[in-house]
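S.K.: Here's the letter readout for the chains.
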Amino acid sequence: MSDAPARPRAEPQPARPRAVTRPARPRAVTEETTLTRRLLIATAIGFLALFVMLPLAAVFVEALRRGLDHYLATFSDPDTQAAIRLTLLVAAISVPLNMVFGVAAAWAIAKFEFVGKSLLTTLVDLPFSVSPVVSGLVFVLLFGAHGLLGPWLEAHDLQIVFAVPGIVLATVFVTFPFVARELIPLMQEQGTSEEEAALTLGASGFRTFLTVTLPNVKWALLYGVLLCNARAMGEFGAVSVVSGHVRGLTNTMPLHVEILYNEYDFVGAFAVASLLAGLALVTLVAKSVLEWRFGDALGQSRLH
Amino acid sequence: MTVDSTFSPDRRRLLVRSAGALLAALGGLVAAPLATATPTRAQTVTLVNVSYDPTRELYRDINAAFAAEWQKKTGQRVTIRTSHGGSGRQARAVIDGLDADVVTLALASDIDAIARESKRLPDDWQQRLPNNASPYTSTIVLLVRKGNPKNIRDWDDLAKPGIQVITPNPKTSGGARWNYLAAWAYELDKTGGDAEKAKTLVAAIYRNVPVLDTGARGATTTFVQRGLGDVLIAWENEAFLAVNEFGAGAFEIVYPSLSILAEPPVALVDQVVDKRGTRAVAQAYLDFLYTPAAQRIVAAHYYRPFHPEDADPADLARFHPLKLVTIDAVFGGWKKAQAEHFSEGGVFDRIYAPGAR
Chain A
1 MSDAPARPRA EPQPARPRAV TRPARPRAVT EETTLTRRLL IATAIGFLAL
51 FVMLPLAAVF VEALRRGLDH YLATFSDPDT QAAIRLTLLV AAISVPLNMV
101 FGVAAAWAIA KFEFVGKSLL TTLVDLPFSV SPVVSGLVFV LLFGAHGLLG
151 PWLEAHDLQI VFAVPGIVLA TVFVTFPFVA RELIPLMQEQ GTSEEEAALT
201 LGASGFRTFL TVTLPNVKWA LLYGVLLCNA RAMGEFGAVS VVSGHVRGLT
251 NTMPLHVEIL YNEYDFVGAF AVASLLAGLA LVTLVAKSVL EWRFGDALGQ
301 SRLH
Chain B
1 MTVDSTFSPD RRRLLVRSAG ALLAALGGLV AAPLATATPT RAQTVTLVNV
51 SYDPTRELYR DINAAFAAEW QKKTGQRVTI RTSHGGSGRQ ARAVIDGLDA
101 DVVTLALASD IDAIARESKR LPDDWQQRLP NNASPYTSTI VLLVRKGNPK
151 NIRDWDDLAK PGIQVITPNP KTSGGARWNY LAAWAYELDK TGGDAEKAKT
201 LVAAIYRNVP VLDTGARGAT TTFVQRGLGD VLIAWENEAF LAVNEFGAGA
251 FEIVYPSLSI LAEPPVALVD QVVDKRGTRA VAQAYLDFLY TPAAQRIVAA
301 HYYRPFHPED ADPADLARFH PLKLVTIDAV FGGWKKAQAE HFSEGGVFDR
351 IYAPGAR
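Residue numbers (our numbering), protein chains in the order written: chain A, 1 to 304; chain B, 1 to 357.
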């Protein structure tokens, strides 16, 4: 806007030396100036460095503050090992479950028309919009000793909340949308024509799903599963409500970080936090490696 | 590898094989903890102790000592799992179904609540062990920053304008309720029993509170780690621990002229121990708290032992003598104090109403 009044004065005198400093190649209208580009890149990198890289580095620096011995000593503590095992167990149960649920929900929403479809779409998003504390409390209200199903569970000696099943339920609830949300837009965009072709060629519904639908979405599915896994291992709020915080029994890694921090064991807290961060980094690297290894072959269906 | 067709047999085999490997890995992860849990069950027993916030370090030592003694006596290995948090919140979890063999909470009314609302233990639980079921006591003191820059000496200094006070939420924390009642008892004592004046003082103190944490340890972290506030109202043991952790140079303990005798009680949760078959070991665990070995550990962790003669005199010498009043003498017991001050619509709700600040 500011250079608009300057232009009429500049144009009648193109021979003036000042005009020579303009780029030799005329700039395409779709192209930004070098300055804008550099500013944008610097802003993005600066922001990432400040808000992602710096805190991440701080975690590792803090964890190694008193040397590698202290860092490793944290992981020889049986309570820490139990927390790591529980976190992996919860992720190992909830991620495959959500993979199946997510594919089923996305398939239903993207490929079929039925009554209540918009309601289902909204329900899929529900865990995103509800506070994790509420997600946890829902299960206490349902399965707690004074909850709706509490007396029945107690009569049958079944323990849901303050035990592993409650933690798994809360994690499944919170991480449900990740897979479905990744798949729905892609499957809607792809439409149903390929499936229709397969069906008219005589393939069964299941075979169509396995050989047409699934290969078309596998990168989105992988991405959703990785996000789902990262959140399943990192979830704090909902799990905190249903956990009971019993060390060695119902304590997951994020909860263990809080406990160690509150016990003034800062090296321990950051050591466990660094492991959590490390697991997240491993999932990202795994995704990149898979993309790099099979990316050229499977590139057609790749959106991420 | 062929790349021309999406459905080449090679690729399909690869995908199937990797999916199989993934499933096997997941299966292994799931099975491993289950498999390791089974063979050990026979010769070991697990107790769950649901406790309040600042007892983490205390019970770590008590548990080790008890496990050693129990194994010597019976040959059985006992693992004690602990959970820590604001006393009220912990009681809520036990009411909602957390299977605690024993509860070791900050005050009697939280265990009363478990007895009343869940019937998991009888109402007369406090008569089943000596000293109102409190193997150790403590009191409430003030922790200030080095050199006491705001010159805080006693409870009424906390009500002065411009002083920031850190104390947890009395609704969720047991220690916070002791804090509140200690200030109240001080003003009652000073004014010869004027409840209105006590209410004015306590209301003024809570107007100086910028944030209410859910438990005592959270409040301590707010004060010592995040550097918020001029004074922390804290358990005596918690104040000593903070001074130790961060060096005597960073903080100072101020003993007020009067405080309250805090009795954190312990109890067996009958319904749970009978269901899990752990009554004998759980009872032995609670009895152990009164033995000379445990009383010594108690004093070492800055709790005031019920049997001071069993403790190391050097540990006892660290406690500053001060005038202590009891909840029974000043407030007519926990049931009455809880109903009057901390129940829904009680005195605390009225003085800490949003907008009243």
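Mixed in with the good hints there might be a few duds.
To be verified - Here are the simulated EDC-like cross-link-like pairs (lysine to aspartate or glutamate), alpha carbons at most 20 Å apart as the crow flies: (1) A:Lys218 x A:Glu194; (2) A:Lys111 x A:Glu196; (3) B:Lys119 x A:Asp77; (4) B:Lys146 x B:Glu252; (5) B:Lys119 x A:Glu154; (6) B:Lys275 x B:Asp157; (7) B:Lys336 x B:Asp157; (8) B:Lys275 x A:Glu194; (9) B:Lys323 x B:Asp157; (10) B:Lys171 x B:Glu340; (11) B:Lys275 x A:Glu154; (12) B:Lys146 x B:Asp157.
Calculated from the structure, these hints are not laboratory results.
S.K.: Hint by hint, say whether it matches the structure.
M.R.: Do the hints match the structure? See the list:
no., hint, result
1, A:Lys218 x A:Glu194, "holds (15 Å)"
2, A:Lys111 x A:Glu196, "holds (11 Å)"
3, B:Lys119 x A:Asp77, "violated (36 Å)"
4, B:Lys146 x B:Glu252, "holds (6 Å)"
5, B:Lys119 x A:Glu154, "holds (14 Å)"
6, B:Lys275 x B:Asp157, "violated (51 Å)"
7, B:Lys336 x B:Asp157, "violated (28 Å)"
8, B:Lys275 x A:Glu194, "violated (58 Å)"
9, B:Lys323 x B:Asp157, "holds (18 Å)"
10, B:Lys171 x B:Glu340, "holds (13 Å)"
11, B:Lys275 x A:Glu154, "holds (11 Å)"
12, B:Lys146 x B:Asp157, "holds (17 Å)"
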